Amino acid sequence: MGMGWGWRKVGEEHMLAMCVGEAREETRRASRKHQGSEEQREKKKKKKKKKKKKKKKKKKKKKKKKKKKKKKKKKAEYQIEEAKR
Numbered sequence: 001m002g003m004g005w006g007w008r009k010v011g012e013e014h015m016l017a018m019c020v021g022e023a024r025e026e027t028r029r030a031s032r033k034h035q036g037s038e039e040q041r042e043k044k045k046k047k048k049k050k051k052k053k054k055k056k057k058k059k060k061k062k063k064k065k066k067k068k069k070k071k072k073k074k075k076a077e078y079q080i081e082e083a084k085r
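Under UniProt numbering, think of the first position of the sequence shown as 1, with each following residue one higher.
Source of the hints: derived by calculation from the structure; they are not laboratory data. None of these values were measured; they are calculated from a predicted model. By construction, the Cβ of each residue, glycine as well, lies at the ideal position given by its N, Cα and C atoms.
Here are the in silico distance ranges between beta carbons for each label pair:
| id | residue 1 | residue 2 | range |
| --- | --- | --- | --- |
| 1 | Lys-47 | Gln-79 | 44 to 52 angstroms |
| 2 | Ala-76 | Lys-44 | 46 to 54 angstroms |
| 3 | Glu-25 | Lys-46 | 18 to 26 angstroms |
| 4 | Lys-58 | Gln-79 | 25 to 33 angstroms |
| 5 | Glu-42 | Val-20 | 25 to 33 angstroms |
| 6 | Glu-39 | Lys-69 | 39 to 47 angstroms |
| 7 | Glu-26 | Lys-54 | 31 to 39 angstroms |
| 8 | Lys-57 | Glu-26 | 37 to 45 angstroms |
| 9 | Lys-74 | Arg-41 | 48 to 56 angstroms |
| 10 | Lys-55 | Ala-83 | 40 to 48 angstroms |
| 11 | Lys-60 | Glu-22 | 36 to 44 angstroms |
Make the full structure from the sequences, and use the hints.
Now the structure itself:
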């Protein structure tokens, strides 16, 4: 990166962003105090992750089923075409 006139502005913006980030972290920490214990949070996180995984699995299964159905339909159509010939 060249040392033109723009570097100072970028540096200032970065510092400002850092300050904002730190302030955000402070408020996050403060709000965390009212959310319960650490293990409860971890438990909740795990549960959410498990739920997400289950949902993803279900979606995948549904997609697979749909694909199979489509393949079956195509095969049937092909067989009909073959019988006509």
